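These protein sequences, in sequence, are chains Z and R. Sequence positions in the first sequence follow our numbering and run 5 to 298. Sequence positions in the second sequence follow our numbering and run 162 to 557.
Quick caveat, the hints were computed from the structure, so don't treat them as lab data. Do not rely on the hints blindly, as some may be mistaken.
Here are some of the chain R residues that sit facing chain Z, going by a computed Cβ distance under 7 Å [unchecked claim]:
| id | residue |
| --- | --- |
| 1 | Phe194 |
| 2 | Ile310 |
| 3 | Ile440 |
Chain Z side only, calculated, beta carbon under 10 Å to chain R, not exhaustive [as the list claims (entries may be wrong)]:
| id | residue |
| --- | --- |
| 4 | Asp100 |
| 5 | Val230 |
| 6 | Asp231 |
| 7 | Ser268 |
| 8 | Val272 |
| 9 | Leu275 |
Model, not experiment: these values are computed from the prediction. Backbone N, C-alpha and C define an ideal beta-carbon position, used for all residues, glycine too.
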Amino acid sequence: MELLIGQMFAGLSLGSVLLLAALGLSLTFGQMGVINMAHGEFMMAGAYTAFVVQQVISDAGASLLVSIPAGFLVGGVLGLVLEAVLLRRMYHRPLDTLLVTFGVALILQQAARDIFGAPSVDVRAPVWLQGNIELLGAPIPLTRLFILGLALVCLAGLVLLLKATPLGRRIRAVVLNRDLAETSGVSTRRSDQLTFFIGSGLAGVAGVAVTLIGSTSPYLGTNYIVDAFLVVVAGGIGQIKGAVIAAFALGVLQSVFEYSTTASIGKVLLLIVIVVFLQLRPQGIFSLKTRSLA
Amino acid sequence: MKTLLRGRWGTAAGFLLGAALLLGVAPAVLPAFNLGLLGKFLCFAIVAVGIGLAWGRGGMLTLGQGVFFGLGAYIMAMHMKLADASLFGGSGVPDFMSLYGSGQVPGWWEPFRSPAVTLLAVVLVPGLVALVLGLAIFKRRVKGAYFAILSQALAAAFAVFLIGQQATTGGSNGLNGFRSFFGFDLKDPNNKVMLYMIAAVVLLLSLALARQLMHSRFGELLVAVRDQEERVRFLGYDPATVKTVIYVVAAVLAGVAGALFVPLVGIISPADVGVIPSIAFLIGVAIGGRATLLGPVLGAVGVAAAQSSLSSTFPSFWVYFQGLLFVLVIGFMPGGLASLPALVRLRRRTPAGAPQPKAATAPAPDQSPPAPEALSPETPKPGVQDRAAAPEEVSR
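When you get a sec, could you build the whole thing from the sequences and use the hints?
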């Protein structure tokens with residue numbers, strides 16, 4: 005029983021990290037068709053932001069609370085610059101954005117190596133996040149619980165923004181039918197920029213979160229980007245609820261596979277499951293019913 | 162002069178010239194070390210020919226060519242390890258297995274003791290894997306970004322798998338320390354020249370194959386699938402079959418290149434087959450001109466040569482440079498260097514002050530046909546002029 009709960013929680017925890025990484029992607033890839041390979045590097049930038057903030061504010065608790073908005077801002081600004089300089093010209097060539105942003109990712113990685121050095125750095129977790137709590141006999145690390153909570157808060161914030169604000173209504177209008185939205189007076193330019201800012205900012209928050217469970221290195225992004233994309237693909241384009249289900253399902257499946265086999269075979273099994281799943285539902289768990297999307 | 166360079170005779174002459182350069186001039190001029198390096202670059206060029214077909218002609222952005230490269234390479238490496246072990250070790254068990262594993266050769270290694278099985282497997286295994294994947298993916302009409310991401314996940318999973326199986330695949334060290342190649346001593350300089358020659362001949366053969374494919378009816382169909390998949394389906398063809406065939410061809414080319422890479426370079430490790438090397442295969446293709454025949458080859462060799470001369474002296478600079486190449490070439494010159502002449506011609510023809518066409522790579526109407534092939538897949542081309550009149554929505 006303890007083992008089962010422990011495994012379930014490990015899966016949920018992995019799922020919450022995936023969700024944090026995939027929420028922003030779901031916005032930028034799902035809603036704008038841009039495949040941003042630098043999303044992982046925006047996470048890395050968020051993680052290094054947490055590291056820098058902790059150099060300034062030595063109290064781990066305060067620095068974590070400052071890092072989260074700071075990480076959002078750093079990721080968001082990076083995304084905004086990327087959108088304004090490069091991606092704006094490439095909305096009609098979605099596949100090419102993948103390769104361009106891969107180039108950006110290489111540059112950001114090397115920049116991190118040159119600034120912070122190749123060895124990984126550590127961010128201290130605050131005292132109130134050290135230790136475990138017991139849930140039906142299974143030990144649950146508090147840091148992981150915090151990340152789960154953070155993922156849920158981000159999710160709630162994003163849903164609220166999209167469904168309950170005028171800004172969100174404009175974003176959704178552009179997603180559903182770009183031309184019609186533009187004709188109706190929505191500035192698609194501004195809506196694109198905002199979507200990219202928010203999506204990339206969420207990557208920054210994800211980066212801050214993962215500093216709690218591991219060390220930060222220039223390669224941090226590459227560990228998450230492929231899995232995050234799989235979440236978006238399995239969840240369905242432009243579908244936040246799909247991304248949520250897919251993130252937790254992949255997290256639980258991966259921890260079950262890794263527990264019953266080895267980490268490497270588990271990864272391969274997971275990929276096979278996704279390919280088979282896409283056989284059954286090529287458009288992901290949910291698909292957007294609209295005439296303007298391919 | 163121009164007419165001489167076009168058409169069947171021009172192709173044959175160009176092919177012979179390339180063969181003379183690769184097989185005659187290069188071995189005579191280059192020192193042994195550089196010839197070995199060139200051999201390695203030619204392996205990348207063979208992969209690039211396949212990517213040019215699949216990506217440039219077929220519009221399939223395959224980010225997992227490292228997997229097929231790795232399959233070919235590991236099959237060859239396994240055979241060479243086993244052969245070395247029985248030739249020099251006597252025990253018949255590769256050295257690293259006694260270090261990390263049980264000292265037993267696992268069952269799935271055994272078939273590769275036979276040279277014939279190895280040579281067949283180098284072609285068949287990548288081909289079959291691509292066939293199964295291709296049918297599974299394309300028949301269900303998974304395409305575009307979905308396909309790219311799946312192929313990338315495949316490369317990631319493959320590298321993770323190899324690293325995890327230290328006892329049977331050498332883990333992150335990979336397989337290395339080979340001494341012989343089908344009985345030939347790898348230290349002998351003559352045998353090194355022979356290996357280079359094999360790589361050059363394979364490249365020439367794959368170019369001939371790609372050229373035939375491009376100029377066949379099948380090649381036309383492939384371009385049609387890239388530009389208007391729905392319309393091809395309505396005409397009664399099955400785009401999935403077309404795509405699968407080309408995906409298999411590209412995979413086999415990558416597998417053979419991997420098998421040649423191992424004896425030439427002397428090592429294969431997960432670092433050569435994962436996500437990053439798989440994407441890195443693409444940059445040479447993009448620079449040279451993804452939809453052309455020779456562009457991918459020249460681009461791949463050029464990038465590999467630049468990397469080997471720059472990355473050792475300025476490792477940090479090289480990564481920035483590589484990143485910039487991706488950004489500048491894909492972002493601003495999607496047709497690659499092959500589109501430069503068309504771009505220049507266009508500039509010259511358009512009077513100053515006249516509005517520039519938005520797609521700068523669109524050729525003037527009276528232009529001879531070969532140039533448009535250098536265009537990016539998304540720009541309208543003369544063959545599909547009515548495209549603008551048939552918006553995407555109409556087809557569904």
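Against the structure, the hints come out as follows:
For Phe194 (chain R), the shortest C-beta to C-beta distance to chain Z is roughly 28 Å, which exceeds 7 Å, and the interface hint is violated. Contact between Ile310 (chain R) and chain Z, as hinted, is supported at the beta carbon level, the nearest pair being about 5 Å apart and thus within 7 Å. The interface hint given for Ile440 (chain R) is met, as the beta carbon of that residue sits about 5 Å from the closest beta carbon of chain Z, less than 7 Å. Of the supplied interface hints, the one on Asp100 (chain Z) holds, with its beta-carbon coming within about 5 Å of a beta-carbon of chain R, less than 10 Å.
The criterion of a C-beta within 10 Å of any C-beta in chain R is met by Val230 (chain Z), whose closest approach is roughly 5 Å, and the hint holds. With 10 Å as the threshold, the beta carbon of Asp231 (chain Z) comes within range of chain R, its nearest partner Cβ sitting at about 8 Å, so the hint holds. Because the beta carbon of Ser268 (chain Z) sits about 2 Å from the nearest beta carbon in chain R, less than 10 Å, this interface hint is met. Because the smallest distance between the Cβ of Val272 (chain Z) and any Cβ of chain R comes to about 5 Å, under 10 Å, the interface hint for this residue holds.
This hint holds: Leu275 (chain Z) has a C-beta 4 Å from the nearest C-beta of chain R, less than the 10 Å allowed.
The structure fails hint 1 only (numbered hints given earlier).
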